[in-house]
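Undergrad: Listed below are the residues making up each chain.
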Amino acid sequence: MRLQVNHRTTYKFDPPMRGVAQSLRLWPSLFEGQSVLDWNVDIDGAIRGANFRDGAGDLIETATFLGTVEEVVIEVSGTVETTDLSGVLKGHREKVPPLAYVRRGPFTHPSPAIRDLATEAVMGAENPLAQAHALAAAVGEAIAYTPGETDAQTTAAEALDAGHGVCQDHAHTLVAAAICLDIPARYVTGYLHAEGDIAEASHAWAEIYVQGLGWVGFDASNRVCPDERYIRLGSGFDSIDAAPIRGVSQGAGAELMDVDVTVLDAGQQ
Amino acid sequence: MVEKPIYFNEMGMDGAVRPPYAGLDSWAADMPDEFRNTKQSEAEALFRRIGITFAVYGEGGDPDRLIPFDMFPRIFAANEWRKLDRGVKQRAKALNAFLMDVYGRGEIVKAGKIPGRLVYQNEAYEKSVVGIKPPRGVYSHIVGIDLVRTGPDEFFVLEDNCRTPSGVSYMLENREIMMRMFPQLFRENRIAPVENYPAQLKRTLASVAPEKCDGEPTIAILTPGHFNSAYYEHSFLADMMGVALVEGQDLFVKGDFCYMRTTEGPKKVDVIYRRIDDAFIDPLCFRPESMLGVPGLMNVYRSGGVAIASAPGAGVADDKAIYTFVPDMIRFYLGEEPILNNVPTWQCSKGDDMKYVTENLAELVVKEVHGSGGYGMLVGPRSTKEQIEAFRAKIENDPSNYIAQPTLALSTCPTFVEEGIAPRHVDLRPYCLVGENIELVPGGLTRVALTEGSLVVNSSQGGGVKDTWVMAE
Numbered sequence: 001m002r003l004q005v006n007h008r009t010t011y012k013f014d015p016p017m018r019g020v021a022q023s024l025r026l027w028p029s030l031f032e033g034q035s036v037l038d039w040n041v042d043i044d045g046a047i048r049g050a051n052f053r054d055g056a057g058d059l060i061e062t063a064t065f066l067g068t069v070e071e072v073v074i075e076v077s078g079t080v081e082t083t084d085l086s087g088v089l090k091g092h093r094e095k096v097p098p099l100a101y102v103r104r105g106p107f108t109h110p111s112p113a114i115r116d117l118a119t120e121a122v123m124g125a126e127n128p129l130a131q132a133h134a135l136a137a138a139v140g141e142a143i144a145y146t147p148g149e150t151d152a153q154t155t156a157a158e159a160l161d162a163g164h165g166v167c168q169d170h171a172h173t174l175v176a177a178a179i180c181l182d183i184p185a186r187y188v189t190g191y192l193h194a195e196g197d198i199a200e201a202s203h204a205w206a207e208i209y210v211q212g213l214g215w216v217g218f219d220a221s222n223r224v225c226p227d228e229r230y231i232r233l234g235s236g237f238d239s240i241d242a243a244p245i246r247g248v249s250q251g252a253g254a255e256l257m258d259v260d261v262t263v264l265d266a267g268q269q
Numbered sequence: 001m002v003e004k005p006i007y008f009n010e011m012g013m014d015g016a017v018r019p020p021y022a023g024l025d026s027w028a029a030d031m032p033d034e035f036r037n038t039k040q041s042e043a044e045a046l047f048r049r050i051g052i053t054f055a056v057y058g059e060g061g062d063p064d065r066l067i068p069f070d071m072f073p074r075i076f077a078a079n080e081w082r083k084l085d086r087g088v089k090q091r092a093k094a095l096n097a098f099l100m101d102v103y104g105r106g107e108i109v110k111a112g113k114i115p116g117r118l119v120y121q122n123e124a125y126e127k128s129v130v131g132i133k134p135p136r137g138v139y140s141h142i143v144g145i146d147l148v149r150t151g152p153d154e155f156f157v158l159e160d161n162c163r164t165p166s167g168v169s170y171m172l173e174n175r176e177i178m179m180r181m182f183p184q185l186f187r188e189n190r191i192a193p194v195e196n197y198p199a200q201l202k203r204t205l206a207s208v209a210p211e212k213c214d215g216e217p218t219i220a221i222l223t224p225g226h227f228n229s230a231y232y233e234h235s236f237l238a239d240m241m242g243v244a245l246v247e248g249q250d251l252f253v254k255g256d257f258c259y260m261r262t263t264e265g266p267k268k269v270d271v272i273y274r275r276i277d278d279a280f281i282d283p284l285c286f287r288p289e290s291m292l293g294v295p296g297l298m299n300v301y302r303s304g305g306v307a308i309a310s311a312p313g314a315g316v317a318d319d320k321a322i323y324t325f326v327p328d329m330i331r332f333y334l335g336e337e338p339i340l341n342n343v344p345t346w347q348c349s350k351g352d353d354m355k356y357v358t359e360n361l362a363e364l365v366v367k368e369v370h371g372s373g374g375y376g377m378l379v380g381p382r383s384t385k386e387q388i389e390a391f392r393a394k395i396e397n398d399p400s401n402y403i404a405q406p407t408l409a410l411s412t413c414p415t416f417v418e419e420g421i422a423p424r425h426v427d428l429r430p431y432c433l434v435g436e437n438i439e440l441v442p443g444g445l446t447r448v449a450l451t452e453g454s455l456v457v458n459s460s461q462g463g464g465v466k467d468t469w470v471m472a473e
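Protein chains in written order, with this note's numbering: chain A, 1 to 269; chain B, 1 to 473.
No lab work stands behind these hints: they were computed from the structure.
Please note that the accuracy of each hint is not assured.
Here are the simulated DSS-like pairs of lysine-lysine, each with C-alpha atoms no more than 25 Å apart in a straight line [to be verified]:
{"hint": "1", "chain 1": "A", "residue 1": "K95", "chain 2": "B", "residue 2": "K113"}
{"hint": "2", "chain 1": "A", "residue 1": "K95", "chain 2": "B", "residue 2": "K133"}
{"hint": "3", "chain 1": "B", "residue 1": "K202", "chain 2": "B", "residue 2": "K212"}
{"hint": "4", "chain 1": "A", "residue 1": "K95", "chain 2": "B", "residue 2": "K93"}
{"hint": "5", "chain 1": "A", "residue 1": "K12", "chain 2": "B", "residue 2": "K254"}
{"hint": "6", "chain 1": "B", "residue 1": "K110", "chain 2": "A", "residue 2": "K95"}
{"hint": "7", "chain 1": "B", "residue 1": "K133", "chain 2": "B", "residue 2": "K202"}
{"hint": "8", "chain 1": "B", "residue 1": "K212", "chain 2": "B", "residue 2": "K267"}
{"hint": "9", "chain 1": "B", "residue 1": "K254", "chain 2": "B", "residue 2": "K212"}
{"hint": "10", "chain 1": "B", "residue 1": "K113", "chain 2": "B", "residue 2": "K133"}
{"hint": "11", "chain 1": "A", "residue 1": "K90", "chain 2": "B", "residue 2": "K110"}
{"hint": "12", "chain 1": "B", "residue 1": "K350", "chain 2": "B", "residue 2": "K110"}
{"hint": "13", "chain 1": "B", "residue 1": "K93", "chain 2": "B", "residue 2": "K83"}
Just so you know, these numbers come straight off a predicted model, no measurement behind them.
Modelling step: build the complete structure from the supplied sequences, incorporating the hints.
TA: Pasting the structure below:
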């Protein structure tokens, strides 16, 4: 599938702030499931540099701004050719050992409820892949997709208690459930071309390390493994560690963020 | 009842003075009490004037109290030091090889020498620096190795400090004060100098400047600020090396490099000797709420624009659970037998070990895996039944947080006390520098437990310090 992405993020600072610095993880991953035809990241007024590919295979770049800043607009646009690999992250070059992802973080600390959910879910699952599917299904079941019930600070334990959430909550909870069974798991960000279904063009899901297959994606929100409608950007322990844009600024003012994303099927145009 | 162990007295026992101490026997014995008291207050005044203090929090009292200084030096013969020198350097080399390996191909794990979960699931393992090759392959540029002595030829390593070992300013100041107060001792004895340390440190830091740096590298020390208990040392070392002392807010990232604000405008920084913990280095990579670090610094580091000493992630090598495997590292990477001994260590996370530990608490020293400063530890033979039982409950509650070691018979060194001169237990922390070369100044920080019989030398627990002499060849 040929997917065309337009992703504009606008930050407004009121009053204007100093020391605005961002770490960007906005470039599609390199693996057999996707190939980049063209891709641009534009930021007006930014000084960019210090770019590299990290041990997890993600391309990272830094953007800083001189003086006070009123507004930052990050414009991402590009076209990616995707293939359905049933979620398997085939041919992805990375150096981080999977065991490094068995780590409890503030978002993924397993509560007794998460532990129970995980233990129950994998009962009867015959192999690691079946276990991973069972975990993803259980998380999708336990947390209904409901926008507006949770926010960016909601932890996996809180989302499970609430029984409602969005893709971030599903991904955190799935990661938490897997790592409490000592199965490596991580938070993944990217884009989703969705029609009708749960529409979150800027999307997040989880990857679980399955012996024999490697990393496999599971989208508990949509109850599927990522297919040709997905574009993968990067990964991390949780939503902060994996964030496509991670920023700080100095000052006590308010920060307003506005995101506008479209992911179109370019083949149909 | 445990039999009272016989401790090795470094000065000698039963009237026989061991050679390195020969020059000091009469010096101390003939010193009139009054003279001694004058000298002691002179030393204290000097320390206060220099401003050397050590902040201890959460205990009430003077937060900037002095670490007690004992005037009786601790002495090593040249041949004794030769062995320590080789042993410490060997260890520093192996620890760095380990760090390069576990952030690279992980051969030691693949070879089955160290369990992968101990390394990769370790809190101190930084996923964000996997694949980074720091200049000259060095992660830990200043390695502080804590040693104790139990006999004429027996040394044990208690722990390794690969992140930001502190205390080296005391090594330098103790010597300075001793030379000022007792110049004749330094004329009569051939004592190897330690004052080259700042020059060596600067040379070491300069030698790990990134490839992108052309010309003389600019070095800065990054401190969390004057509230930090080791702030004195940060400013002392900056002074001695003639480099800038900066806080996070003095640095900023622009493009591929990191700069410091100076009165003459921004200046590119090539090597940062950081004295802040990994978690606070950069809010864009680690703890997002941290205000102590520099936003974007980790990206500059990872793209080769700046060197950071010690490198982020170095802490995985000095974890108490990894410590057990250092002798295996030495064999694996260097193909050598360890020169210095490890203390046998029981991991409470292992069933058999845990059983042994809980059955023998009264004889063991139990420590928290990530503890430091002598806090949160149990010295079995010096504890009451109630203290032991209270500690047992803590271990049983979280076994993987504890390790245990036999109570070592730490050597003693003569020390000035109220009643005259008496043996007190000591340890030693030499500071090994790793860059283009591996260097070790002949000396280190000797800490002394001033309370009679105490085996805890930490300054936060009533320990003091001594000048440490290595006799020249």
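Undergrad: Each hint needs a verdict: does it hold in this structure or not?
TA: Hint check results:
no. : hint            : result
1   : A:K95 x B:K113  : 20 Å, holds
2   : A:K95 x B:K133  : 13 Å, holds
3   : B:K202 x B:K212 : 19 Å, holds
4   : A:K95 x B:K93   : 24 Å, holds
5   : A:K12 x B:K254  : 21 Å, holds
6   : B:K110 x A:K95  : 14 Å, holds
7   : B:K133 x B:K202 : 21 Å, holds
8   : B:K212 x B:K267 : 15 Å, holds
9   : B:K254 x B:K212 : 15 Å, holds
10  : B:K113 x B:K133 : 23 Å, holds
11  : A:K90 x B:K110  : 23 Å, holds
12  : B:K350 x B:K110 : 21 Å, holds
13  : B:K93 x B:K83   : 15 Å, holds
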